[in-house]
Amino acid sequence: MNNKDDLVIRVAGESGDGSTATGEMLAQAAARSGLQVFTFRTTPAEIRGGPVMFQVRASNAPVRSQGDAVDVLFAFNQEAWDLHHADLVAPGVLLYDPENVTPPEHFSGIAYPVPIGRIAQQAGSRRGKNVVALAVAAALFGLGRSKLEDVVRARLGKKAALLEANLAALHAGMAYAQGLAKLDPLWLEASSEHERLVLTGNQAIVAGALHAGVRFFAGYPITPASDIMEGMAAILPEIGGAFLQAEDEIASAMACVGASFGGAKSMTATSGPGLALMSEAIGYASMTELPLVVVDAQRGGPSTGLPTKMEQSDLNLALYGGHGDSPRIVLAPGSVAECFHLTVWGFNLAETYQSPVIILSDYSLSFRTETVAPFDLAKYPVIDRQTPAAPLQPGRYQRYYVNGSYVSPMALPGMTSGQYTATGLEHDAFGHPDYSSARHVEMSEKRWRKLEPLRHSHDYVRRFGAERARVGLLCWGTTAGPCRGALFLAAQQGLPLALLQVQMLAPLPVDAIRAFVESVELVLVPELNYQGQFARLVQAELGIRVASFTQYTGMPFTRHAILHRVHELLGIDAPVEAPGSAVARA
Amino acid sequence: MAAETIPLAAVVRTPADYRSELKPIWCPGCGDFAVLAAIQQALAALQVDPKDLAVVSGIGCSSRLPAFLNAYGLHTVHGRALPTATGLKLARPELTVLAVGGDGDFFSIGLGHLPHAVRRDVNLTCIVMDNEIYGLTKGQTSPTSPMGHVTKSTPHGNRAAPLHPLMIAIASGATFVARGFSGQPRQLAELIRDGIAHPGFSFIHAMSPCVTFNDTYKLYKEQVYSLPADHDPRDTQAAIRYALESERLPLGLIYHAPRAGQAAAPAPQPFDTTRYLERYRA
Ligand SMILES: Cc1ncc(C[n+]2csc(CCOP(=O)(O)OP(=O)(O)O)c2C)c(N)n1
Ligand code: SF4
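Those protein sequence lines, which keep their order, are chains A and B.
In terms of our numbering, the first sequence is residues 539 to 1124.
In terms of our numbering, the second sequence is residues 1467 to 1748.
Check each hint, because a few of them may be wrong.
[Said to hold, decoys possible] Simulated restraints, written as ranges between beta carbons of each label pair: (1) B:1677 to A:982: 32 to 40 Å; (2) B:1614 to A:1069: 49 to 57 Å; (3) A:772 to B:1494: 51 to 59 Å; (4) B:1605 to A:772: 45 to 53 Å; (5) B:1491 to A:995: 40 to 48 Å; (6) B:1745 to A:718: 31 to 39 Å.
Since the hints were made in silico from the structure, they are not lab data.
All C-beta atoms in this analysis are idealised placements derived from N, C-alpha and C, irrespective of residue type, glycine included.
Make the full structure from the sequences, and use the hints.
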């Protein structure tokens, strides 16, 4: 059997029926065997019931998006078939539980009935059906089949009885698969072993914050940010840090302000509704020049919106949320690895510039797992805020002394003669309230100009694709994944395409963007919101016209959708690949 | 600590040592002057080192207080002194942390924070300067204004019943609840001193008249009385009876649940990223 270069398996069912666990374990096993994986999931907002799906894309080459088309659908119930069969690659491979699913007679693909509930029951308990499904899928398609026991042990090994029952289910599933005649050609196994990490975006954010030295976290539960809070609650007390589940997001953000005033690197994590409530605190941190890191895992808005779907529609709130001229730094990771990278740098920038930093993640990134190469920690220095060097003279300390860098050394409680009062009122160098015009001019300029070097930085953009191209894609956040996929597809068609992924949205790195824009004829800005928030920002800051491409379905872009839009822009009548046609992937 | 090697005479601090270089901007006669003086006396009584003192406030006339103290001050936004002070104290447990402000701050915009700060029992001292009016915004009704009170925003008389601040504190599980009055600064200073010394959350309701928009000095002087010597502050029922009084205003330590000192928080430790990431190895 030929080793396929890339395989997408979607496990679908109902919340609580084990389908998600099957998908998670399959991804783990594939990753352990040396494959690169990228997962994508949807969940219902409701606590119980409702359709769920967990998709695993695996490859021997790097994977950057969830995959547009599904090679294998594992349907746990009839609704899973109904909702997902249209995404199957023709002719398509279907695994289904015949107790719950009846595929239509006209189904032209290859179907394997797998009575997962019954097999599990014979092995001991119906509850093992997710493990049975795991065993059958791995046995049929390769995918880390040698690692299944390891994964089951790691996941369910805490209680001996539970582990035994699940291993019995695993072996029953494998035995069943042995008896199946293989009818399809799909097979994917790792070509080599690699040292890799498998983690979600939220987990990478927690790890990055810890590496950067976070010692205080306050938060309020909200999907999809809650597990950042839960991760912090588990670890911070063990390393002498402090954790607070606050009464609301206003309190979370202000508790971080207080801790940061005390010198602790502080962070909160929320989603759009919480970020809206934090506006005043972020403005306060801006005015008092306090480091503060706020993660916004975006979901669909406005208001409570789509709590379990993704969107890139909090950009305007992150950039402009708050009254007055309140500078801040806004970063946006596009992958799990970038979650780690930009969280470390988020703290470093917050400390360097004594500024609030907002990290814009999104629902899909929060929960998806990716395989990443181990982080080269030598490349991640940890930067601490500048404090006064020389012993201070009583009554002489100028907290907001204006110097060439516009960043003033910050005294921390406990330092002799550093006493000052931070205030949200306009103030002079001592921090004393002063509303004079001259002072407001001087201090407004201090707060903005300290960030000016970042506008000229080239460290927060990533360029991909052709050196010169007619069309350049300009994107931010997780839209980078499908954009890179579109680049790959375009290259196969002989169409050169360039991409600039912008990781810092405030201050906007205008020099780097201008250099990119000048290297292409047309700029296409794909983003997941109605207004084209990023396109407007780029147009305003650079004084250029771009083509905006928006999608507001609550779902990520597909590579094909982006490529299709490129074709339209160029007036090319290229055959548009419908999802479902067999194409190579990136 | 280094203090042990310094001759005692050199470290004796007087209330004047807790003054900052800024002169208070309050109206002459404002009750908040007396609260400031009482805080300075309490700090001197406890010999708190100004470098280890942090005072957090919200927005209002009263919330300008931190800047007049020789301390690390944090003049935050309206209503948010308590969560900010909580974060600071959790991050720096060795500091003495006060949260100060007005009745608008603590009982209106910031009321949602009060029960939570109380029930967490983080070692803060909360001092509310209650003038039953909004001073800084020039005279609107407040959550503690009496029924019928005529203000700029209640020209036809206030129709909402006032909150009972002491009841809120007791009902939320406070372990130290006291009331003082600007007109009796000595007692107020003692209550603040004891509140700071209390190893949990202490709530001090300071009746502090606004001479410009709601001059209640004369009224309060008629209403206040000191709690009888036989009041047992550990008696919850008795505390509630005093807390509910509105015709007369009892002063002193209303409720006190003595509590053990909190265990010292562990010092921040280095973090080993490589070891932590092991859990995600494929
Ligand atoms: C979010 C917000 N809303 C309103 C205000 C305006 N404001 C400032 S102080 C204040 C109330 C002041 O009353 P109080 O807290 O009792 O303090 P006092 O001035 O009486 O000491 C108000 C409403 C504000 N600063 N911020
Ligand atoms: S307005 Fe009232 S509360 Fe404000 S300073 Fe004057 S007297 Fe004090």
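Here is how each hint holds up against the structure:
For residue 1677 of chain B paired with residue 982 of chain A, a C-beta distance near 36 Å keeps the hint of 32 to 40 Å intact. At about 51 Å, the CB distance of residue 1614 of chain B to residue 1069 of chain A agrees with the hint of 49 to 57 Å. For the pair residue 772 of chain A and residue 1494 of chain B, the beta carbons lie near 55 Å from each other, so the given range of 51 to 59 Å is met. The hinted range of 45 to 53 Å is satisfied by residue 1605 of chain B and residue 772 of chain A, whose Cβ atoms lie roughly 50 Å apart.
Range check, residue 1491 of chain B to residue 995 of chain A: Cβ separation about 42 Å, and the 40 to 48 Å hint holds. For residue 1745 of chain B and residue 718 of chain A, the hinted distance range of 31 to 39 Å is satisfied, since their beta carbons lie about 35 Å from each other.
Checked against the numbered hints given earlier, the structure satisfies every one of them.
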